[in-house]
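Protein sequences appear in the order of chains Z and W. Heads up: the first sequence is residues 554 to 985, going by my numbering. Heads up: the second sequence is residues 554 to 985, going by my numbering.
FYI, nobody ran anything at the bench for these hints, they're computed from the structure. Each hint should be verified, as a subset may be incorrect.
Which copy is meant is left open, so a pair is good if it fits within one copy or across any two.
[Said to hold, decoys possible] In silico SDA-like links for lysine to any residue, alpha-carbon gap of 25 Å or less:
(1) Lys567 <-> Trp592
(2) Lys628 <-> Val915
(3) Lys874 <-> Gly649
(4) Lys702 <-> Val577
(5) Lys571 <-> Val980
(6) Lys793 <-> Val570
(7) Lys737 <-> Val980
(8) Lys571 <-> Pro983
(9) Lys816 <-> Val841
(10) Lys737 <-> Ser977
(11) Lys571 <-> Glu698
(12) Lys571 <-> Ser844
(13) Lys692 <-> Pro983
(14) Lys702 <-> Val980
(15) Lys874 <-> Thr854
(16) Lys692 <-> Ser865
Number of protein chains: 2
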Amino acid sequence: MYIDLIKHIGYQIKLLVKWFLLIVPIAVIVGSLNAFFLWLLEEATGYRMSTYAHHSWIIYLLPLAGILIVWSYKKYGKNSAGGNNLIIDEIHEPGGGVPTRMAPFVLFSTVITHLFGGSAGREGTAVQIGGAIAQQFGKWYKLDEKDTKLILISGVAAGFGSVFGTPITGAIFALEVLAIGKIKYHAVIPALIASVVGNFVTIAWGISHEHLRLVNIAKEVNVQFNEDLHYDHIALLIGKIALAGIAFGFAGFLFGELTHKVKEVLTKVLKNQYLVPVVGAIFVIAVVKISGTYDYIGIGTSSYLPGGVCISSAFHAGGAKAYSWLMKLVMTAVTLGSGFKGGEVTPLFFVGATLGNTLAGVLNAPVALFAALGFIGVFSAATNTPMACTIMGVELFGSQYLLYFAVVCFVAYYFSGHTGIYTSQRVSAPKL
Amino acid sequence: MYIDLIKHIGYQIKLLVKWFLLIVPIAVIVGSLNAFFLWLLEEATGYRMSTYAHHSWIIYLLPLAGILIVWSYKKYGKNSAGGNNLIIDEIHEPGGGVPTRMAPFVLFSTVITHLFGGSAGREGTAVQIGGAIAQQFGKWYKLDEKDTKLILISGVAAGFGSVFGTPITGAIFALEVLAIGKIKYHAVIPALIASVVGNFVTIAWGISHEHLRLVNIAKEVNVQFNEDLHYDHIALLIGKIALAGIAFGFAGFLFGELTHKVKEVLTKVLKNQYLVPVVGAIFVIAVVKISGTYDYIGIGTSSYLPGGVCISSAFHAGGAKAYSWLMKLVMTAVTLGSGFKGGEVTPLFFVGATLGNTLAGVLNAPVALFAALGFIGVFSAATNTPMACTIMGVELFGSQYLLYFAVVCFVAYYFSGHTGIYTSQRVSAPKL
Chain Z
554 MYIDLIKHIG
564 YQIKLLVKWF
574 LLIVPIAVIV
584 GSLNAFFLWL
594 LEEATGYRMS
604 TYAHHSWIIY
614 LLPLAGILIV
624 WSYKKYGKNS
634 AGGNNLIIDE
644 IHEPGGGVPT
654 RMAPFVLFST
664 VITHLFGGSA
674 GREGTAVQIG
684 GAIAQQFGKW
694 YKLDEKDTKL
704 ILISGVAAGF
714 GSVFGTPITG
724 AIFALEVLAI
734 GKIKYHAVIP
744 ALIASVVGNF
754 VTIAWGISHE
764 HLRLVNIAKE
774 VNVQFNEDLH
784 YDHIALLIGK
794 IALAGIAFGF
804 AGFLFGELTH
814 KVKEVLTKVL
824 KNQYLVPVVG
834 AIFVIAVVKI
844 SGTYDYIGIG
854 TSSYLPGGVC
864 ISSAFHAGGA
874 KAYSWLMKLV
884 MTAVTLGSGF
894 KGGEVTPLFF
904 VGATLGNTLA
914 GVLNAPVALF
924 AALGFIGVFS
934 AATNTPMACT
944 IMGVELFGSQ
954 YLLYFAVVCF
964 VAYYFSGHTG
974 IYTSQRVSAP
984 KL
Chain W
554 MYIDLIKHIG
564 YQIKLLVKWF
574 LLIVPIAVIV
584 GSLNAFFLWL
594 LEEATGYRMS
604 TYAHHSWIIY
614 LLPLAGILIV
624 WSYKKYGKNS
634 AGGNNLIIDE
644 IHEPGGGVPT
654 RMAPFVLFST
664 VITHLFGGSA
674 GREGTAVQIG
684 GAIAQQFGKW
694 YKLDEKDTKL
704 ILISGVAAGF
714 GSVFGTPITG
724 AIFALEVLAI
734 GKIKYHAVIP
744 ALIASVVGNF
754 VTIAWGISHE
764 HLRLVNIAKE
774 VNVQFNEDLH
784 YDHIALLIGK
794 IALAGIAFGF
804 AGFLFGELTH
814 KVKEVLTKVL
824 KNQYLVPVVG
834 AIFVIAVVKI
844 SGTYDYIGIG
854 TSSYLPGGVC
864 ISSAFHAGGA
874 KAYSWLMKLV
884 MTAVTLGSGF
894 KGGEVTPLFF
904 VGATLGNTLA
914 GVLNAPVALF
924 AALGFIGVFS
934 AATNTPMACT
944 IMGVELFGSQ
954 YLLYFAVVCF
964 VAYYFSGHTG
974 IYTSQRVSAP
984 KL
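So that you can see chain Z by itself, here it is in the shape it has in the complex (with noise of 0.2 Å):
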């Protein structure tokens, strides 16, 4: 029996070491090309936004930089266009396989979206470089199907673990995507070698993580909110909490389905599928240009001019108008829903963030705390990763209100209906 066991530690030993090897290129690739996006991203950001230079008139080129995206894809991205999708059925059922192509494809992409002006976020991109180099490496490794999901999974979490910062989230969120109402462990070390490696990259790279900057919203949250509450004030606050959490759980289920709408009603209107992201652009260009501001354009994290609505903004009183939430998710769901390309996340944490601040003044709750718990619920409504957005919120604002994080992002989960924004997402199990 001892030998056995012996003879057992050395194979999982030797099981852990084999992918560990397999995991650590991709994880370097793959933190890199993020270092590489994210440090466009920002001079994207930078060039449109820079106020001195006034770049803004930029964004009357989103129609061409629309349909320069839909034309490169349909050209040459073979099934790139698939994205998250792709890679989900992918994991669940190997196909084809995900385009090595769809890597650079997004990264580019992206960039433009948001250069030009579009609403969108960096999520998906991250994951689509990790998937599609993951899945590169896998048919250099020549792995069988087995593997290959194991190592996509890993893709996945190298992607979100680098480009937010957050490595137990990245790993936590590539298990529990992948199906509603279960979170599978049997890709979890892969998983987590991949999303710790990748965001050591990332950060060896030089990129500092908007991660950092939320840190300092975190400590914002701590002084706002830094009293030992009796357990009674507590109750009460838990049910203003679970409250909220309905509404965000709303605002992630609307979220999906616009975008899905969007999406669906353009292509059966328009015959010609260019047109698409021209309709889509101008609908963008003309609500900048009669609401006046470009606070719903772009990444979201910090505002055009001082005193303008953003992620960081939404943490202060006054930091987000009651509509500023539905602005974002519109905006958003028109440039995704139109072919523009980029992630979800940050944009669902600008919604949240800013209904978080609205929904404090109206139940008469911390503004720093409910617009964390925005930022978190939306995205975990939206998604259905109630896991990985507790952990997000440990991650990012600290232990301190785990309990608070858990509630909320357990109730936007059960009340965003059994669909989200990753359609190739199964249902496993009903939420209650």
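Assemble chain W onto chain Z, guided by the hints.
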């Protein structure tokens, strides 16, 4: 569509309110019983360990206490002896149900075990109180099979969450312990309500959780290791943590195997079942007398004499002997394997923290951090609940070390084999 949506949200709110109303009475009773249990446990431990009154002779009565426990379970306990495994079985496939008397039986027999110096813990007791009370309410509510499963899971969550003062860990543990390799969310909302309310109730009874003492340990972890490490140092540290994780995984595996083996051998060799606890008790007394220390009996959170080994001492350099973890492991396996009652988790904390202390010396790593890692890592390995243990790390020691907690819990889990202390756990997915 919108009317359907409003109807749907209305239905979901109704469902939420229904479960809230169903769960609250259970959580109140479980939280109250756990408060009573923790108070009795404190009294019993205090009586035995009272140094000025010299009550340590009481351990000579341990064989009699064992006979009393075995006799009363046999005569009046019905199938209460099934314990945690019975509850897990009933959640997988509802059958005869968990008998209500399991609650008082396990409560008093655990207190007796501790009073007379057995080496045991608390979580099994709390979980069984939770399961038994929940089952009784389920019968009163006339729940169907599906809802009975949910309410049993909620009872487990209430028990675990309130006994350790870690509500999120309680809810996750209740979902995660059912099967190895996955976590299903179908019961997460009732489980969260149960553990949060249960924990509030226990606190409201004025019980200061062991947790509160651990907060001080957490501060020490931070004080000893509060430096911004450069990322290549972090990489080295993570390597050390992974190595320690292998050791923790092995310790968790060994604990489960030994407990099962002791039970199997003693019941096979001894024809008279009352001899089983007598032999176990004599072994425990003999070890105490030969080793000359009372450090390895009882709950182990604090030491009998200044300078002794206990959970909190393990967080300081020199606070554990190289063999401490093995002593506690053997003493607990013999105590529980020979028919005494109590949980496994607090002894697993002891085994892990002392092993972490020793490994910190071997690996030239921070002592308090490695004690904390062992604390959660051995528990993760023995119960196959890496997510709950990662969360527990955060709930007890803060978010700063989330990365290390996740690595150690999942590595230890990976190296503990496809068995554990709960034989009724199903294997859902291979570990890699």
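So, going through the hints one by one against the coordinates:
no.: 1; hint: Lys567 <-> Trp592; verdict: neither (37 Å within a copy, 48 Å between copies)
no.: 2; hint: Lys628 <-> Val915; verdict: neither (50 Å within a copy, 60 Å between copies)
no.: 3; hint: Lys874 <-> Gly649; verdict: neither (46 Å within a copy, 57 Å between copies)
no.: 4; hint: Lys702 <-> Val577; verdict: within (17 Å within a copy, 42 Å between copies)
no.: 5; hint: Lys571 <-> Val980; verdict: between (32 Å within a copy, 24 Å between copies)
no.: 6; hint: Lys793 <-> Val570; verdict: between (48 Å within a copy, 14 Å between copies)
no.: 7; hint: Lys737 <-> Val980; verdict: both (13 Å within a copy, 12 Å between copies)
no.: 8; hint: Lys571 <-> Pro983; verdict: between (37 Å within a copy, 17 Å between copies)
no.: 9; hint: Lys816 <-> Val841; verdict: within (21 Å within a copy, 73 Å between copies)
no.: 10; hint: Lys737 <-> Ser977; verdict: both (17 Å within a copy, 19 Å between copies)
no.: 11; hint: Lys571 <-> Glu698; verdict: within (17 Å within a copy, 44 Å between copies)
no.: 12; hint: Lys571 <-> Ser844; verdict: neither (56 Å within a copy, 44 Å between copies)
no.: 13; hint: Lys692 <-> Pro983; verdict: between (36 Å within a copy, 24 Å between copies)
no.: 14; hint: Lys702 <-> Val980; verdict: both (18 Å within a copy, 20 Å between copies)
no.: 15; hint: Lys874 <-> Thr854; verdict: within (16 Å within a copy, 52 Å between copies)
no.: 16; hint: Lys692 <-> Ser865; verdict: neither (42 Å within a copy, 51 Å between copies)
Checked against the numbered hints listed earlier, the structure breaks hints 1, 2, 3, 12 and 16; every other hint is satisfied.
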